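Trainee: The lines below spell out each chain.
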Amino acid sequence: MMRRTLPTAAIGAVLWAGCLALPIFLDSAWISIAAIFAIYAIVALSQDVVLGRAGLYDMGHAVYFGIGAYATAVLNVGFGWPILATLPVAIVGAALVGAVFAAPIIRLRGDYLLVATIGLNAIFVLAMRNDLGGLTGGSDGIPGLGVPSLFGLQIESQSALFWFDWVLLGVVLLVMRNLDRCELGRALRYLKQDQLAASTLGVDARRTKILAFALGAGLAGLAGTLFAVQISTVSPSSFVFTESVTLFAIVIVGGQGSIPGVLLGTALMFVVPQIFREFAQYRYFIFGIAMIAVMVLRPQGLWPRARLAR
Amino acid sequence: MGTFIQQVINGLTVGGIYALIALGYTMVYGVLRLINFAHGDLCILGAFVGLTMLSGALGGGHPGPALVLLAFVVAVIAISVAGVALEFVAYRPLRKADRLAAVVSALGASMLIENGIMLIWGPEVRVFPSGLLPATTWHVAGASISFVEVMIIIVSVVLMAALYGFVNHTRFGTAIRAAAIDQDAARLMGINVNRVISSVFVIGPALGAVGGLFIGLYYREAYFTMGWTYGLNAFIAAIIGGIGNIPGAMLGGVLLGLFNAFAAGYVSSSWQNAITFALLIAILLIRPSGLLGERVAEKV
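Those protein sequence lines, which keep their order, are chains Z and L.
With my numbering applied, the first sequence corresponds to residues 1 to 310, in that order.
With my numbering applied, the second sequence corresponds to residues 1001 to 1300, in that order.
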């Protein structure tokens, strides 16, 4: 196992380190696109924990992304917390909500879980739009977020934000890599292959799945904070069902459980549209064709997970 | 009493439409175990095709009802062809693949159709022409019922009865039910399963086109994202009734229509969708396979 995965991981680490130098070569518009890529890559990887690794059909993952973003926005704008202090709240809050939502619905069979999570997403967006508790600012959302400061250093310039996002992406990538080797990751793999056999070996299916859901939701919450800081406004339209569908599609189009696949999927679904801004009208039309074409030609995804030795 | 009856009339009208669309979801799911996310958009495509017929030929001095009938015929044919083409291009190659590949393909098809409608007919709300159907309104016990409402309720009931008879009392209907239970066994019995699947993608979209055009005639408007709104409600109806179950889709549609009509009286409209979804999640938790579906919950 080590021999097969180590080279890819090493190449990945070198690539990541190389990308850190990007702000030197790019103009500010491109730096911000690269920063947004890192943010969406984290959300997509978190969706992969739930969908690709745990095999739970979660089509409402934008909810946890949104909870993280709203936690940061409400605490920063409404209560004057420093941005970095909101980060743990965003992660833990999203993870808790994920676990609480997942606990009752996790026993639903695949497609029913999918429908229930679509429902949760719709309810979340409506709650934010209707200004829940007078905190979420309704349809316009919450504008005017502050700037994170680290040891007295203001992370204000686009390059600084880029590094901030990419360092955290690096941390998440490390978590994803270690997930494969730890007990939770192994339990998830066995559960996905054969739940009955895994249960007889002492894997607590329910607990493992809820844990995976909480982990995925927490990572999405982390990305939510980064997103809120990056665009400095949080509004419901960033967390609608279409976003969840896109995240879901990234994992399947890229390759379930495959880190390079998910990163490639993120680049295709979130970054390419930024480049072709002037064709915005045709964007989703072409997206639709591309999604069908990729699935028909490569049902296992563009960059499927390498087979791990068991 | 008057408002109560009025809500029942409204609920039955919308419920009939939901049921017609829900049948398409449930029949495809029954045979392929696939949520056809593009179905709602196909239905609204039907509404737009009908709208083009209705507004394009108006100047010719055709009598309204005949024109409406023609619009229905054209929409039904066009959407059936689109349904078969969709299955052939987006779903057939993925029958043996991972189920999620087909789900993403369906989501792609939904985006493709929805945005195709926007590119052809524009992003704005299109208004249906008035004066095509009799404006008669009857008053019963303090409630009123319009010609369009009567038409929608009667046609929905007739179509559902016809479908029920077809599926339960004809040879081909038996083949559809057999393929839904076990495709391999059905094949061994000499049933052409590919033909069954194609037929499901004719019947579902045909009924859906009728439902879509009903939406246009009832609300007198159509816009490109409508497929998501109404498709989702119809889909919820199919699940409430027990997805894969034909009478379940009919029951679910009518129940959801009534539920929405009554909820509209008591709940702010900005929360309406949340209430529908809360109902859906509650039903899934109590009876994961819907009202008429068999129990298939995972034991975890």
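Hints are not guaranteed to be accurate.
Unchecked claim - Pair by pair, the computed Cβ-Cβ distance ranges are:
(1) A1162/L / G133/Z: 49 to 55 Å
(2) E1124/L / S237/Z: 15 to 21 Å
(3) W1138/L / P104/Z: 43 to 49 Å
To be verified - Not everything, but these chain Z residues come out facing chain L in the computed CB check (under 7 Å):
(4) G78
(5) F79
(6) V100
(7) P104
(8) Y112
(9) V115
(10) A122
(11) V245
(12) I252
(13) I292
(14) M295
None of these hints come from the bench; they were simulated from the model.
Bear in mind the structure is a predicted one, so any value in this text is a computation, not a measurement.
Glycine included, every Cβ here is placed at the ideal spot set by N, Cα and C.
Trainee: Against each hint, give a clear statement of whether it holds in the structure.
Mentor: Evaluated hints:
{"no.": "1", "hint": "A1162/L / G133/Z: 49 to 55 Å", "verdict": "holds (51 Å)"}
{"no.": "2", "hint": "E1124/L / S237/Z: 15 to 21 Å", "verdict": "holds (19 Å)"}
{"no.": "3", "hint": "W1138/L / P104/Z: 43 to 49 Å", "verdict": "holds (46 Å)"}
{"no.": "4", "hint": "G78", "verdict": "violated (22 Å)"}
{"no.": "5", "hint": "F79", "verdict": "violated (26 Å)"}
{"no.": "6", "hint": "V100", "verdict": "violated (13 Å)"}
{"no.": "7", "hint": "P104", "verdict": "holds (6 Å)"}
{"no.": "8", "hint": "Y112", "verdict": "holds (6 Å)"}
{"no.": "9", "hint": "V115", "verdict": "holds (6 Å)"}
{"no.": "10", "hint": "A122", "verdict": "holds (5 Å)"}
{"no.": "11", "hint": "V245", "verdict": "holds (5 Å)"}
{"no.": "12", "hint": "I252", "verdict": "holds (4 Å)"}
{"no.": "13", "hint": "I292", "verdict": "holds (4 Å)"}
{"no.": "14", "hint": "M295", "verdict": "holds (4 Å)"}
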